[in-house]
Amino acid sequence: MPPQTPSIRALSRYLLRPHTSLHPRCQYRPQGRRQSSAAAGARLNGTVEYDTTPLLHHTSRAALSNPELPPDIRKGQTKRINLYTAVNEALRHALQTDERVLVFGEDIQFGGVFRCTMNLATDFGTDRVFNTPLSEQGLVGFAIGAASEGMRPVAEIQFADYVFPAFDQIVNEAAKYRYRTGTTGVNCGGLVIRMPTGVVGHGALYHSQSPEALFTHIPGLRVIIPRSPVQAKGLLLSAIRCNDPVIFMEPKVLYRAAVEQVPVDAYHLPLDKAEVLKTGKDLTIVSYGTPLYTCSAAIAAAEKDFGCSVELIDLRTIYPWDRETVLESVKKTGRAIVVHESMMNAGVGAEVAATIQERAFLRLEAPVKRVTGWATHTGLVYEKFIIPDVTRVYDAIKKTIDY
Amino acid sequence: MSLRYTSRRIRPGKLWSPPTCLNGSHTSKVTFGWQKCRSVASTASAEKVLFPGALNSEFTNTLNFLRPSNKKAIPTYRVLDQYGEVLDKETGVDTEDGEALTLYQNMVCLSIMDLLMFEAQRQGRLSFYMVSAGEEGIAIGSASALSPSDVIFCQYRESGVYMQRGFTLDQFMSQLFANSKDAGLGRNMPVHYGSKELNIHTISSTLATQIPHAAGAAYALKLQNMQQPGVPPRIAVCFFGEGAASEGDFHAALNIAATRQVPAIFICRNNGYAISTPTSDQYRGDGIASRGAGYGIDTLRVDGNDIFAVRRATKEARRRALEDGGRPILIEMMAYRVGHHSTSDDSFAYRQKLEVEDWKRRDNPITRLRKWLEGRNLWNEDKEKELRSRTRKDVLKAFERAEKEKLPPIKHAFDGVYEKLTQEQRLHIEELKDILQRYPKEYDVDQYEGGVKSLDQLLDEKN
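Those sequence lines, one after another, are chains A and B. Per the numbering used here: the first sequence = residues 1 to 403. Per the numbering used here: the second sequence = residues 1 to 463.
Rather than coming from a laboratory, the hints here were simulated on the basis of the structure. Fair warning: this is a prediction, and the values are worked out from it, not measured in the lab.
Covered stretches of chain A, as calculated for chain B (at least 3 residues, CB under 8 Å):
hint, region
1, 132-141
2, 144-156
3, 172-180
A few chain B residues that face chain A, going by a derived Cβ cut-off under 7 Å, partial list only:
hint, residue
4, K196
5, A215
6, N255
Glycine is no exception: its CB is placed at the ideal position from the N, C-alpha and C atoms.
Start from the sequences and build out the full structure, keeping to the hints where you can.
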């Protein structure tokens, strides 16, 4: 986007509330000396252009052309909203249509620190939307108990980094409840645990983590990461309706940044399907959540520079995941790259790469490359070196194509 | 917990902006309890400054630390003395004679089952067992004072709760042998009972995890009580030992139960030991009961060897738990773990045999109730002998029946992880089937109901 001269109005708004953007349409542009700011003269590592990225539906027509949406929704209205509003709308719809739905967590009642639960307490009452004491193991255990007596609780962990106190409850209780109760048929399938995840530019050690791989190792859990407002709404509604416990991880950097046209009415998206975002014939990139935007930018640059054609797949549901879509694509292209923020060792990429190796071995023309966070923690000022960026994905495409 | 912050960094510029909520200009429409009090907070001449964190606290000029060791311990409520005599003749015992006899028979039945199954484990016919010796009165007494529709969460030493609610000897044995009639489909270790009909959740080995579950379930019941005014209200009841109360889940559960005002009774069985750890290594306060007040929860300590005290306490707790829409109650039931912790434990490695024998002889819930029954001429030596031999036969018959049953179908190794089989699971089942068919001598599939065919059944089921 060419630099614009800010209007007087924008400037005065900036002086009053400097944390908002100078650019009214792009609400997440970093200012000043920000850890995520690109180096001067960078060609690849620019800021992500959420305004123009092909991953978001910028027009109503594009949004409604999604074949996964039911026919009546595709004839309906859309509106332009960001990801936290999409989450809010999904919660609102669930609370409206099912009196068993409860929404709770730390600081939920005033709207949540990321505004996902805005106005829900006032509209549905504090019996159904309420604050809990500051105890992750307590609130998740509470949610499991409520679910086992027939409610559909949507519990929030304020940051995915703080889910670990609740790990015992999630792994030993939520995931195993249906299995261990056998024919008594008691389960906690109504449970959804929401948590903001991923890097945000300056989250450092405890506001940046992506612990999805820890949950994908647990039978009995579903792990879901949406990449956009349309997905957040459709997948969260499916998660609440689903009779298995769901870990719903929301990339927090996208809460305000990702804005797109979203159907006004409620709709559900499938919990076991990956989505092919862009077709190609030379290489498959598999990713999910925020890195998809990085991949998209890298693909654009690589296709221009190398004249290759790259297929981009969004896993969406990290576990159980859609092996067929990924394998079909890799069998076609013969090359694959997996991209995620969390560390490489035993990450989601390891599972995807191993599966590709196992079931598409004869079609592979290059080793499966993993572009992931390095084997370290996310130190505050080092984030841009640790998390996969456009340059690293671009280079991975180059190396894999040249292999 | 760490520093909590919003998605934006706080910067000096924010000081110039009007006061807002953490993350934007929207001010909350919800009024909080403490906000209401704030308007009266600090006038210059106020005697009390109303800190939001402790509204009723008064100022003092004396520097006086609260010393728990100076306080008298919380008293233990009892109805009978150890000779089976009613202490308060006026109030007496609110249990009918017939009911008292049933309670006694159930306690005896439980102790005989424990004895036989402990021996069965020693003979290697059972993988594991845990007895309730010394704590029969707590489980049976409290279960008998609850409504059958009340939801119960147990730790593992509450077989009496199941027995009192009508879990049959066959159901006990099926679970212990993990045979094809086990409601848990042979997935759990012995003693991990569960029953939907009896409203008792399946036991898991993880200690204390059930305590917040009980709080959450009680909250669900609270909402359901409100939504269905015609249906008799229900509460949740949670059992746990004094060792489990050291887990973080205990703290989390009681705190959230108090803040959400849930109709729940938390019953702690304080039997003096957590495996080998004596209570002096478990806590330094006045037992578990003293913690209740800290959470703002009504609390009582009861003599667990006195089944009438257990019953009256539970009944009253249930009434209070349902008052004003709901509130949590904590009861600490004092007892002594007469048996070993489990069949994998020899407790004489850490305590004197004499001490155990003393407790067995001097005071235990079964003999105390028997003394009371004999005092009222409801029981005698002949009846005792007849009951014991009949019960022993019943247990052994159920034991033999259960031992003869096959193991559950192999398919139950896979189903029930998710509501429906996943694609990945289908691949795994096919691979297992292939192995079982190509190496038939390596596996004893015939002891499982349906053999390898049960896997086919599972694969044929509609996705």
